[in-house]
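Undergrad: Each chain, letter by letter, is given below.
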Amino acid sequence: MSSMWKHRASFLLVILFFAALGVWARQQPQVKTIGPGRFSKHDLGNSGDGILKAILLPGSTAAISSSANDRTSIWNLADGKESKRFSGESFRFQDIALSSDARSALTPTPSAAVRYWDLATGKNIRILAGAKVNISTVALSENGALAAAAGQDTAIHVWALADGTSVRIFPVDVAQIRIAFEFGSQRLVSVQADGQVCVRNTQNQGPPACIAALPEPATTAVFSKDGRLVLIEGQYGTLVLWDVDRASLVRTLTGTTQNISSLALSADGNLALSGGTDKTVRLWNLRTGQQIAHTTGSGSYVSSVAFSSDGTLALFGCDDGKLTLWRLE
Amino acid sequence: MNLPSDVKVVQALLNANLTIPLSLLALDGICGPATIFAIRKIQRRYLNSKAPDGRVDPGGPTLHFLTDPGRIAIPAPATGAIAWGAKVSPEFKAKLIKICANLGVDPNFLMSAMAFESGESFSPSVKNKVSGATGLIQFMPSTASGLSTTTAKLAAMTAVDQLDYVEKYFNPYKGRLNTIEDTYMAILWPKAIGEANSYVCFSSPSKAYDQNAGLDADGDGKVTKAEAAAKVKAKLAKGLQAGYVG
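Taken in sequence, the protein lines are chains Z and L.
Heads up, the first sequence stops at 329 in my numbering, and the numbers go up one at a time, no gaps.
Heads up, the second sequence stops at 246 in my numbering, and the numbers go up one at a time, no gaps.
Wrong hints could be hidden among the right ones.
[What the hints assert, rightly or not] With a cut-off of at most 20 Å between alpha-carbon atoms, the simulated DMTMM-like pairs for lysine to aspartate or glutamate come out as follows: (1) LYS174(L) - ASP173(Z); (2) LYS123(Z) - ASP173(Z); (3) LYS231(L) - ASP161(L); (4) LYS153(L) - ASP70(Z); (5) LYS231(L) - ASP6(L); (6) LYS98(L) - ASP164(L); (7) LYS207(L) - ASP218(L); (8) LYS81(Z) - ASP49(Z); (9) LYS153(L) - ASP278(Z); (10) LYS127(L) - ASP164(L); (11) LYS8(L) - ASP218(L); (12) LYS87(L) - ASP106(L); (13) LYS41(L) - ASP53(L); (14) LYS8(L) - ASP53(L); (15) LYS127(L) - ASP278(Z); (16) LYS132(Z) - ASP28(L); (17) LYS129(L) - ASP320(Z); (18) LYS231(L) - ASP53(L); (19) LYS322(Z) - ASP173(Z); (20) LYS153(L) - ASP49(Z); (21) LYS129(L) - ASP118(Z); (22) LYS153(L) - GLU89(Z); (23) LYS153(L) - ASP320(Z); (24) LYS132(Z) - ASP164(L); (25) LYS222(L) - ASP57(L); (26) LYS81(Z) - ASP70(Z); (27) LYS123(Z) - ASP70(Z); (28) LYS127(L) - ASP320(Z); (29) LYS207(L) - ASP278(Z).
Hint data in this document are derived by calculation from the structure and do not stem from the laboratory.
Based on the sequences and whatever the hints tell you, model everything.
TA: See the structure below:
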């Protein structure tokens, strides 16, 4: 090929690139650029009542939310529309754990029973009974064999997911804020309202090993997927990253850490999101403990924040029912 | 210099301790002659003071006497009256007593804690503008989420319905809330439940101390369980007065 043809071909490629970019940009619904320009957000929809929990499903093509009006919605991220809706009291939940294939979910119900259900049909696969009072947090073990739940009940419950039988009932005398299985071990970790992080062995009924992670009551917490790291918010604004294995403080975050109402950790444990009663969503770099960016939500507080599995997207929901997608690339 | 709010607390405590025939003090926050007279009377009578100074100092013997739980008379259950009972509906009171029986808590203690948290309003919608904390025990947004609701939903329900959420919140601590201090610790600092009243809840330097420094009555840089619960105890004293008890 002559050099002139080479020149024309690259010229055409450049034109094609800009044309494609133009089409792509027009396809982005209601893109609002904020901050340093790398961050944009758009509305996903409104579930009609306060969002209790909203997460992105693996693959980042859909999201699932539950709201205070007894509604679970599946959202299509491409067009921002609600693609599926389930209604009823058992579709009101404040925590969710997905199976490894993301086809089923473990969620609490207002009656304190825990459901394992099919995301496509909404039908029950297993009902896990035993808790008497409010369950606020649930967890699935790495291999999906065990399910656990806790909250304001006087025990942490562990079941075999295959047949729903009770495996362990660990008595507790303080509210449990968040629980998780530590992957690669037999251990169940919990953040308690008294600011302690407790570790229990699911193989026996022995007492927990507890250590104070916060000098104040814990109000919100989120574990990394493998249960080895946990970000904990205290009632008076202390925000700490805690290493479960070493039972030690990794870092105390500085900046605007008051009045946080929701937290999320990225899969690699490098980024965090916080939602607050000032309607602000903040993105944190956990390696430095510094805030990277922020954006504004709606209603009176941000009730749920979540990362996509690759950490390039954030989803946040507010107490007015509004869900927003925030691009972090 | 006396803060009117502090004077009101002392006046309520004095009223609760006035077994000597004296008329009840008006809770006007003014440390006038009647208040000083009542302090002197108590110092002479109960603290065997030869030269009563008429002062109630943080950490001093007079405050210690006034806040001694053994001194605050609880109305006999036979009367069916509870602290602050005159400020809530009969339905609220009946449900509260039932919930307290489930939790093993003295209804007077839970009513006093709610009087303190709700600013004596017992309103399901009373809200702290900064933290967003709402209602009878000032549920925070994150607490509301954990209970599968929102603060807006809590604010929109009746006080009677909100008591269900109060019961859920207190459930983990049932059977262990034996004193008014323990009852309040379930809200303020659950780790202190069952500890001695000298237990240090928050100490300086910390964010928790900074935000609760107003409770540090003796100014020693530590908020003890007794100090933290003093204002709730004052609500108990006030709630047992005529016009509030019922």
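Undergrad: Would the pair LYS153(L) and ASP320(Z) pass a check requiring their Cα atoms to be no farther apart than 20 Å?
TA: The hint holds at about 11 Å.
Undergrad: Please verify whether LYS231(L) and ASP53(L) have alpha carbons no more than 20 Å apart.
TA: Violated, at about 23 Å.
Undergrad: Hey, LYS207(L) versus ASP218(L), does the alpha-carbon distance stay inside 20 Å?
TA: holds (19 Å)
Undergrad: Within a Cα-Cα threshold of 20 Å, do LYS123(Z) and ASP173(Z) meet the stated pairing?
TA: violated (34 Å)
Undergrad: Given the hinted pair LYS123(Z) and ASP70(Z), is their alpha-carbon gap at most 20 Å?
TA: holds (15 Å)
Undergrad: If you draw a straight line from the CA of LYS153(L) to the CA of ASP49(Z), is it 20 Å or shorter?
TA: With Cα atoms ~9 Å apart, LYS153(L) and ASP49(Z) stay inside 20 Å; holds.
Undergrad: Check the hint pairing LYS132(Z) with ASP28(L) against an upper bound of 20 Å on the C-alpha distance.
TA: Roughly 46 Å between the alpha carbons, so the hint for LYS132(Z) and ASP28(L) is violated.
Undergrad: Does the alpha-carbon distance linking LYS87(L) and ASP106(L) stay inside the 20 Å limit?
TA: holds (18 Å)
Undergrad: CA of LYS231(L) to CA of ASP6(L), is that 20 Å or under?
TA: At roughly 9 Å apart (the allowed maximum being 20 Å), ASP6(L) and LYS231(L) satisfy the hint.
Undergrad: Please verify whether LYS127(L) and ASP278(Z) have alpha carbons no more than 20 Å apart.
TA: Holds: LYS127(L) and ASP278(Z) sit about 14 Å apart, inside 20 Å.
Undergrad: Does ASP53(L) lie within 20 Å of LYS8(L) when you go C-alpha to C-alpha?
TA: holds (19 Å)
Undergrad: Compare the distance between the alpha carbons of LYS98(L) and ASP164(L) with 20 Å, and conclude whether the hinted pair is satisfied.
TA: Distance ~11 Å between LYS98(L) and ASP164(L) Cα, so the pair holds.
Violated hints, listed in ascending order, are 2, 3, 16, 18, 19, 21; each of the other numbered hints is respected by the structure.
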